[in-house]
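With the sequences and hints as input, model every part of the structure.
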Amino acid sequence: MRHAHHLRIGPVGFRIGSDWRAPIDAVADLYRDYPAPADGVADYTVRLFAARPWRRWMRPAITLGGDYLLPDAVPMPLAWGVLAAEMAMNLQLALGERRYLLLHASSVERDGRAVLMTGVSGAGKSTLAALLMTRGWRLMGDEFALLDPESGAVHAFPRLISLKNESVGVVQAAVPDARFGPLLTGTPKGDLRHLVPDARAIAMAAAPATPAVLLFPSFGYAAAERPVPPSEAFVRLTQASTNYTALGERGFDALTRLVQRVPARAIDYPDTATAVAQVEAAWAAA
Amino acid sequence: MGGGLKDARILVDALRDPTRTAALEPEGWTALIACARAEQLVGTLAERVAGLPMPPRAAELLEAARRSADTGRTAALWEAACAARALAPAGLTPILLKGTAYVAAGLKAGVGRSIGDLDILVPRDRIDQAEQALLGAGWEWVKPDPYDDEYYRRWMHELPPLIHRERDRMIDVHHTVLPLTARITPDAAAMIADAEPVGGGLAVLAPADMICHAVAHLFADGDLAGGLRNLWDIRCLIDEFGTDGLAARAARHGLGRELARAVRLADALYGSGTDLTLVDRWYVRRLLARDGWGRATRPVTRLAFYIRSHWLRMPPLMLARHLLTKWRKGGPGPG
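Protein sequences, first through last, are from chains U and B. Numbering-wise, the working numbering puts 178 at position 178 of the first sequence, and it's gapless, one number per residue. One gets the working numbering by counting positions in the second sequence from 1 and adding 286 to each.
Be a bit skeptical, because a hint or two may be false.
Just the calculated beta-carbon pair ranges, DEER-fashion [stated by the list, open to error]: (1) Arg439/B x Arg59/U: 40 to 48 Å; (2) Gln418/B x Asn165/U: 49 to 57 Å; (3) Thr238/U x Pro483/B: 34 to 42 Å.
For the record, the hints were derived by calculation from the structure and aren't laboratory data. Everything numeric in this text was worked out from a predicted model, so none of it was measured. Ideal Cβ positions, reconstructed from N, Cα and C, are used throughout, including at glycine.
Structure follows, in structure tokens:
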């Protein structure tokens, strides 16, 4: 394609092609400290293109493409180039990945032991991961944790952290000097701004960690905690995995092993300070 | 070789002669894998190039594709077993078609192949019983649109697609080979009569019929989407079964011309090469319409084959009515 950029996030290499220069420039800038794909071979190809030739110039709209796609993707404005690239990269993993069991979870690590946080959109996965990153944790990712079925370790996927609505202000206040992408208003997920993970998260992106505790956070409730039995954790994680079914028996084995070995807790929190304390306590106790 | 390759020649070359991949640079591997994924041939490619020298990351991706095809094979055979179990009380032995048939019969065409829906063939006079048995065993309608439903039932060679409500897998129940409106009318009854059991209450078509069915599927139905994979199937089947009696059988099904074309194209793309007619070259142009980014290219050629697919399928007046109805509903065009 006319414009292209190659990068690697954790173990996953991408080739991003675009009909326009702007999205590639924006992605290349935000991901400037990330390495190139391993051995020069991209795991996935992503395409940002104009569905009709004239859409390149007239009311330009980005259609998402790649090795794997969902039918009926809605085109987005050219100004949302970074979001388009991020969504297209996520889609490749969600639909195409077969080496790792994909968990829709954020994760942070300390001393080689990882906390996995999973929950519905709005539960605070990204916000908590970003705030923990500012408190000395190594950020592994705010969207996907990659569980290796053979070793039981999780691999990092520290893409740009996707902050939405109120969490944009919360995190900006916590790390005013961090690098942010442009503020995108009126997206399907509301106001959205990307945060570049810190230097440590990028430098250690290739290092896996041992899962230590599994958390199911819920925002907007009085502080409360309860242990989650392995059976419930299993069912919730099958729903939080995009490729559990596709991995067949390997997926089942990987997930049963995870929930049997790793304690799980549901944490309700009214504010982020409470949640951070709950996460740190859960990790220390595990 | 860069990522800007103009057509799918890189994929065809690698399938025909896997050692040619030795010349690929890393970008070439990225392009090859993207192209193979887009053509649903990445598992096949992985099997072909396994063990050859390549960048470690390429080997890792292809190993994952191999494993994925293996999981897909297990799931496809399980789905076939479920269908057999549902149809057995009605005294029906489903005849497996396409990918599931190749893996059930342990054929080369099935090695590494991606398998989507389950396709089965049952006698036309038993189709209502098959439908009732499947509905009773957890399959449900996919198409809620009454026009589409009526269209399938009146004119097509298969029931409207059904999906299993628990396993989320589709089944296409065929009662003949091509749409009832198509100009070519293969002898489905003869195919059914000569089908061979493969155990587990399942059967597959006899070798020559299996090839004829693949040929009909490639050239007499559809717009050649996925054509490289279908042609690879044909190449493997011919390689394994030979061509004894094949031409006569194809002639009986009205597919003589299509078989001859399939043999020429398979030779040209996946074999040692052969002379092609001008029309053959047009087919090659369509089959290779995919670039190193995995993009569909040559929109005019694609559109021509899309129109051709409808032209083959129905008489002109009916085609006009059909396209008008679809257009009003904002329906599909060439992808």
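Each hint tested on the structure:
1. Arg439/B x Arg59/U: 40 to 48 Å: The hinted range 40 to 48 Å holds for Arg439/B and Arg59/U, with Cβ atoms some 42 Å apart.
2. Gln418/B x Asn165/U: 49 to 57 Å: holds, 52 Å
3. Thr238/U x Pro483/B: 34 to 42 Å: holds, 37 Å
Hint compliance for this structure: no hint is broken.
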